[in-house]
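Peer 1: What follows is the residue order along each chain.
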Amino acid sequence: DQQVKQNSPSLSVQEGRISILNCDYTNSMFDYFLWYKKYPAEGPTFLISISSIKDKNEDGRFTVFLNKSAKHLSLHIVPSQPGDSAVYFCAASASGTGKLIFGQGTTLQVKP
Amino acid sequence: DSGVTQTPKHLITATGQRVTLRCSPRSGDLSVYWYQQSLDQGLQFLIQYYNGEERAKGNILERFSAQQFPDLHSELNLSSLELGDSALYFCASSPRRAGGYDEQYFGPGTRLTVT
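Chains as they are written, first to last, in the numbering used here: chain Y, 1 to 112; chain G, 1 to 115.
Rather than coming from a laboratory, the hints here were simulated on the basis of the structure.
For clarity, every value in this text was computed on a predicted model and none was experimentally measured.
One or more of the hints may lead you astray.
[Claimed, not checked] Below, in silico cross-link-like pairs of lysine-lysine (BS3-like), each with a Cα-Cα straight-line distance of 27 Å or less:
| hint | chain 1 | residue 1 | chain 2 | residue 2 |
| --- | --- | --- | --- | --- |
| 1 | G | LYS9 | Y | LYS37 |
| 2 | Y | LYS5 | Y | LYS38 |
| 3 | G | LYS57 | Y | LYS5 |
| 4 | Y | LYS68 | Y | LYS5 |
| 5 | Y | LYS37 | Y | LYS56 |
| 6 | Y | LYS111 | Y | LYS54 |
| 7 | Y | LYS68 | Y | LYS111 |
| 8 | Y | LYS5 | Y | LYS111 |
| 9 | G | LYS57 | Y | LYS37 |
| 10 | Y | LYS111 | Y | LYS71 |
| 11 | G | LYS57 | Y | LYS38 |
| 12 | Y | LYS37 | Y | LYS54 |
| 13 | G | LYS9 | Y | LYS54 |
| 14 | Y | LYS71 | G | LYS57 |
| 15 | Y | LYS56 | Y | LYS5 |
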């Protein structure tokens with residue numbers, strides 16, 4: 001049973017445009033959500049997070065939106081840059097538990 | 001550089017053997033987490049330690065065990081290795097017990113190949 005799903009395995013975007021990565025979850029106990037970026041042969045790098053008391057969090061070019069009723073979150077990258085090309089994982093946790101539940105990842109390619 | 005270190009970077013061993021993976025958390029972080037990333041399973045949580053005590057357990061096999069030492073470094077022991085144990089093993093750390101909202105910082109991983 002996959003509790004966190006990223007239904008798009010890959011996404012290709014032109015440099016300077018917006019990248020939108022999507023994530024759905026099923027467990028209503030999740031109240032903290034994170035996005036990680038991963039390059040080959042490296043560990044995941046933390047990008048941005050959001051708690052369930054918010055519906056939006058911004059950090060520079062990265063914005064995460066949370067729709068609790070739809071159990072859906074998205075990561076917007078504006079403007080996209082070639083260096084953003086990587087695998088993006090969304091993750092979720094329930095407060096009081098340490099473990100992160102990860103989606104399968106979306107490979108983003110930003111074309112110059 | 002996340003500040004989390006893992007050794008070794010690569011490990012090749014035979015079925016039936018035992019290996020130990022080592023992790024040093026970021027300075028000041030008390031929680032250490034272990035994750036396994038295999039091709040077909042994605043990133044799976046194995047176990048968490050907080051300040052030397054086991055805090056949470058995921059889908060960790062009985063052949064696997066971990067511990068966190070007084071200096072807060074952690075070791076993941078994998079025994080009776082099988083071909084299916086070949087994977088990337090990541091360690092992550094965070095400052096607190098995870099009662100609050102803590103992001104976890106990941107090390108570069110250890111790639112284990114069982115032949």
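Peer 1: Indicate, hint by hint, whether the structure satisfies it.
Peer 2: Comparing the hints with the structure gives:
no.	hint	result
1	G:LYS9 - Y:LYS37	20 Å, holds
2	Y:LYS5 - Y:LYS38	17 Å, holds
3	G:LYS57 - Y:LYS5	22 Å, holds
4	Y:LYS68 - Y:LYS5	15 Å, holds
5	Y:LYS37 - Y:LYS56	19 Å, holds
6	Y:LYS111 - Y:LYS54	32 Å, violated
7	Y:LYS68 - Y:LYS111	32 Å, violated
8	Y:LYS5 - Y:LYS111	25 Å, holds
9	G:LYS57 - Y:LYS37	25 Å, holds
10	Y:LYS111 - Y:LYS71	31 Å, violated
11	G:LYS57 - Y:LYS38	24 Å, holds
12	Y:LYS37 - Y:LYS54	22 Å, holds
13	G:LYS9 - Y:LYS54	38 Å, violated
14	Y:LYS71 - G:LYS57	25 Å, holds
15	Y:LYS56 - Y:LYS5	20 Å, holds
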